[in-house]
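Asks: Between the sequences and the hints, there should be enough to build the whole structure, so can you do that?
Number of protein chains: 2
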Amino acid sequence: MNNQNNTNLIPSPLERVRERLYIVKVGGKIVEEPQSLKQLLADFSKIEGYKVLVHGGGRLATAIAAKLGIESKMVKGRRITDEEMLKVVTMVYGGLVNKQIVAGLQAIGVNALGLTGADMNYMRSEKRPVTDVDYGFVGDVKEVNADLLADLILKGVVPVLAPLTHDKAGNLLNTNADTIAGEAAKALAKHFEVTLIYCFEKKGVLMNEDDGESVIPSLTPELFQQYVTEEIIQGGMIPKLENSFEALNAGVKQVVITRADQIHTENGTKISL
Amino acid sequence: MNNQNNTNLIPSPLERVRERLYIVKVGGKIVEEPQSLKQLLADFSKIEGYKVLVHGGGRLATAIAAKLGIESKMVKGRRITDEEMLKVVTMVYGGLVNKQIVAGLQAIGVNALGLTGADMNYMRSEKRPVTDVDYGFVGDVKEVNADLLADLILKGVVPVLAPLTHDKAGNLLNTNADTIAGEAAKALAKHFEVTLIYCFEKKGVLMNEDDGESVIPSLTPELFQQYVTEEIIQGGMIPKLENSFEALNAGVKQVVITRADQIHTENGTKISL
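Note that the protein sequences, when read in sequence, are chains A and B. Numbering that gives the first Met the number 0 numbers the first residue of the first sequence as 0 and each following residue consecutively. Numbering that gives the first Met the number 0 numbers the first residue of the second sequence as 0 and each following residue consecutively.
Hints are supplied without guarantee of correctness; some may be wrong.
One copy or two, it doesn't matter: identical chains are merged, so the pair holds either way.
[Stated by the list, open to error] List time: in silico DSSO-like cross-link candidates among lysine-lysine, alpha-carbon distance up to 27 Å:
id : residue 1 : residue 2
1  : K28       : K66
2  : K45       : K201
3  : K126      : K37
4  : K28       : K75
Think of the hints as simulated: they come from the structure by calculation, not from any bench.
Replies: Below, the structure is given as structure tokens:
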């Protein structure tokens, strides 16, 4: 992979400068409220150059399921997706949330295109095997076809990815939005210098949980190990950062953990190898 | 426009042979039932070459709205789309129906891509002005941007168009699927030799309403006028055919009116200038 910094050289035709691509993942809470969504889309539109938005929508799915008389079952914070709940998340993630984001971005001049994994077969998954828990119609990602996506991005299209994949056997599958963002980032790293931005309720990874301003500006694998040993980094942040390092090892250039209102700035915790 | 039949000539680079494109519009009834949908997708997949599918979904929208406690109001057979109903059609047309079709086509090797008019801003509309009736969030089509769509089609992608457009000011708008099909056909006629296929409950336009087999094989403007004068063609079929001639006058090569199970055959009424 061409990871050279060519910015000071005139590239030969065989040595094309890789363009930067920002992949931003936002949770459901921000995209479900009209006011916070509007602010998010305005901030997202300020990111210069090529970009992708990945969204959740779980709270709205729960609310609409309840109105339809369908109970939301969760195990360890993960949704159990039975046949009726699959219809709800297909409607809410693939329809309502995704298309409202697309229309909102178009209104501010961003040429958005809403996608599930089934669209152009860009992300294929397999139904999660039943072990002690049967998660139902939940997909584990197996294959990402990023070539058509990369083509469209280079033409100025901004993909908006819903947390749904398919098994290429006719079934849509519910898939965690963090996973969609990570897998898309790894596949698009063949075509771009990818920065993967995870939005989080805090301004970044904190040195001190009680001080929201104590953002660790950058993390490497060595520093991460040191902070884990010193118990500065603990709990749910550990797997999140382990996933970030996995993305970096698979070719993603940088992972940023930041707050949604900071995505267009240089703030947050920057993670690289 | 280059309408020559170049098939026996080696085209010069400036005289590219125009490829054929089939645009098939199916109503809600067929795509809402798993069994009839499966058959439709199998038949659609048998159409050779470039193709587009346009779908409805009104009955399912009505059913899901009812479950959510939202009443469907119709005037002259047209849905009144208030704010709550717009959310329902965005979920049902843009999410549930569209993505199930896309996943179903992917399962049989058709590289489908589900779109609303907001996606890649391919179809912009304006909210219908309030006259004696306020249709609410219903869009009249104003602009079709078919270039990116044509690019994707030439790469083997099969667009699946939901009956939703947007106003490029952040609002999705409910738009009749026949209109979507006709407007997409006219815009894509700049790039392809377009055949527009409207599915209908009968095998075609009939000589005798009581004889389902009495299909008129072909219609020209002259023959249409003659049959209208002779009262062979009457009622709701007249505006449907007038719309077909309008599409032909705007560059569409042929319009076919046929039954859904005949779309991959040469059957039905073929309308041309």
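Asks: None of the hints should be skipped; say for each whether it holds.
Replies: We went through each hint and held it up to the structure:
no.: 1; hint: K28 / K66; result: both (19 Å within a copy, 25 Å between copies)
no.: 2; hint: K45 / K201; result: within (21 Å within a copy, 53 Å between copies)
no.: 3; hint: K126 / K37; result: between (34 Å within a copy, 21 Å between copies)
no.: 4; hint: K28 / K75; result: within (19 Å within a copy, 40 Å between copies)
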